[in-house]
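Engineer: Based on the provided sequences and hints, a complete structural model is requested.
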Amino acid sequence: MLDIPGKACGPCHFCCKVLEIEEMKKTAGKLCEHCAGAGGCGVYATRPEVCRDYYCQWKEDRGLPATMRPDKVGTLLMDDPDSDEYHAVCDPEKPFSWRNPLIFRHLVSEAKAGRMVVAKAGLRAWRIYSDGHWQESA
Numbered sequence: 070m071l072d073i074p075g076k077a078c079g080p081c082h083f084c085c086k087v088l089e090i091e092e093m094k095k096t097a098g099k100l101c102e103h104c105a106g107a108g109g110c111g112v113y114a115t116r117p118e119v120c121r122d123y124y125c126q127w128k129e130d131r132g133l134p135a136t137m138r139p140d141k142v143g144t145l146l147m148d149d150p151d152s153d154e155y156h157a158v159c160d161p162e163k164p165f166s167w168r169n170p171l172i173f174r175h176l177v178s179e180a181k182a183g184r185m186v187v188a189k190a191g192l193r194a195w196r197i198y199s200d201g202h203w204q205e206s207a
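This note's numbering puts the first residue of the sequence shown at 70, with every later residue one more than the last.
Treat the hints with care, as some may be off.
[Unchecked claim] Only pairs whose alpha carbons sit at most 30 angstroms apart, straight line, appear in this in silico DSSO-like list of lysine-lysine: (1) Lys181 with Lys94; (2) Lys94 with Lys128; (3) Lys128 with Lys181; (4) Lys128 with Lys163; (5) Lys181 with Lys95; (6) Lys141 with Lys95; (7) Lys76 with Lys99; (8) Lys128 with Lys76; (9) Lys76 with Lys181; (10) Lys163 with Lys95; (11) Lys163 with Lys141; (12) Lys76 with Lys95; (13) Lys141 with Lys128; (14) Lys76 with Lys86; (15) Lys128 with Lys99; (16) Lys86 with Lys141; (17) Lys86 with Lys128; (18) Lys163 with Lys99; (19) Lys86 with Lys99; (20) Lys163 with Lys181; (21) Lys94 with Lys141; (22) Lys181 with Lys141; (23) Lys128 with Lys95.
In short, the hints are calculated from the structure, not lab data.
Structural biologist: Right, dumping it as structure tokens:
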């Protein structure tokens, strides 16, 4: 995929913190031991397949503005690779970052488009519906 101008990771390494990576025994909310901050991944050439397969929705979607870069809003947007769900993944230390008005409007619009939308933070999860209400999952 071609890079979109203005959509570089830059200082953002939010995915290296909020995503759980079983292959590396990395839990959600803990910064990956290989993260070199703004310098990128310290094991980029040999990173696990799950990291190679990951694509940041913000970087791929021309419709998502610079103000929605994951580290700026505290929420990582992504398609779930195992289902048709659309996920908003937050830092467990800030579990309601998905309620930022910019993010929440986007999530509701995805739900209105027929997607199942789920916000996650650690072990907690919330389903967001097309009418704007949400419900925590057990």
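Engineer: Hint by hint, say whether it matches the structure.
Structural biologist: Results of checking the hints against the structure:
1. A hinted pair counts as satisfied when its Cα atoms are at most 30 angstroms apart, and lysine 181 with lysine 94 does not qualify at roughly 36 angstroms.
2. Between lysine 94 and lysine 128, the direct Cα distance comes to roughly 26 angstroms. Compliance with the 30 angstroms bound is thereby established for this hinted pair.
3. Distance restraint check for lysine 128 and lysine 181: the Cα-Cα separation of roughly 22 angstroms lies within the 30 angstroms cut-off, and the hinted pair is therefore satisfied.
4. Proximity of lysine 128 to lysine 163 is assessed by CA-CA distance (about 22 angstroms); at most 30 angstroms being required, the pair is judged to hold.
5. Our distance criterion of 30 angstroms between C-alpha atoms is broken by lysine 181 and lysine 95, whose separation comes to about 34 angstroms.
6. At most 30 angstroms may separate the alpha-carbon atoms for a hinted pair to count; lysine 141 and lysine 95 meet this at roughly 23 angstroms.
7. For the given pair, lysine 76 sits about 24 angstroms from lysine 99 by alpha-carbon distance, which is consistent with the 30 angstroms threshold.
8. Proposed proximity of lysine 128 and lysine 76 is supported: the alpha carbons are some 5 angstroms apart, at most 30 angstroms.
9. Under the criterion of a C-alpha separation no larger than 30 angstroms, the hint pairing lysine 76 with lysine 181 is consistent with the structure, at around 26 angstroms.
10. At roughly 18 angstroms between alpha-carbon atoms, lysine 163 and lysine 95 fall within 30 angstroms of each other, so this suggested pair holds.
11. A C-alpha spacing of about 13 angstroms is found between lysine 163 and lysine 141, which places the hinted pair at or below 30 angstroms, so the restraint holds.
12. Between lysine 76 and lysine 95, the direct Cα distance comes to roughly 26 angstroms. Compliance with the 30 angstroms bound is thereby established for this hinted pair.
13. Distance restraint check for lysine 141 and lysine 128: the Cα-Cα separation of roughly 14 angstroms lies within the 30 angstroms cut-off, and the hinted pair is therefore satisfied.
14. Pair hint lysine 76 plus lysine 86 holds up; C-alpha atoms about 19 angstroms apart against a cutoff of 30 angstroms.
15. Between lysine 128 and lysine 99 the CA atoms are separated by roughly 22 angstroms; this keeps the pair inside 30 angstroms, and the hint holds.
16. Between lysine 86 and lysine 141 the CA atoms are separated by roughly 14 angstroms; this keeps the pair inside 30 angstroms, and the hint holds.
17. The hinted pair formed by lysine 86 and lysine 128 meets the criterion: a straight-line CA distance of about 17 angstroms does not exceed 30 angstroms.
18. Taking the CA atoms of lysine 163 and lysine 99, the gap is about 13 angstroms. The hint holds against a cut of 30 angstroms.
19. Distance restraint check for lysine 86 and lysine 99: the Cα-Cα separation of roughly 5 angstroms lies within the 30 angstroms cut-off, and the hinted pair is therefore satisfied.
20. A distance of roughly 26 angstroms separates the Cα atoms of lysine 163 and lysine 181; the hinted pair therefore holds under the 30 angstroms criterion.
21. A threshold of 30 angstroms between alpha carbons decides the hint, and for lysine 94 with lysine 141 the separation of about 26 angstroms falls inside it, so the pair holds.
22. Distance restraint check for lysine 181 and lysine 141: the Cα-Cα separation of roughly 25 angstroms lies within the 30 angstroms cut-off, and the hinted pair is therefore satisfied.
23. Distance check on the hinted pair: lysine 128 and lysine 95 sit about 23 angstroms apart at the alpha-carbon level, within 30 angstroms; holds.
Comparing the model with each numbered hint stated earlier shows that hints 1, 5 do not hold.
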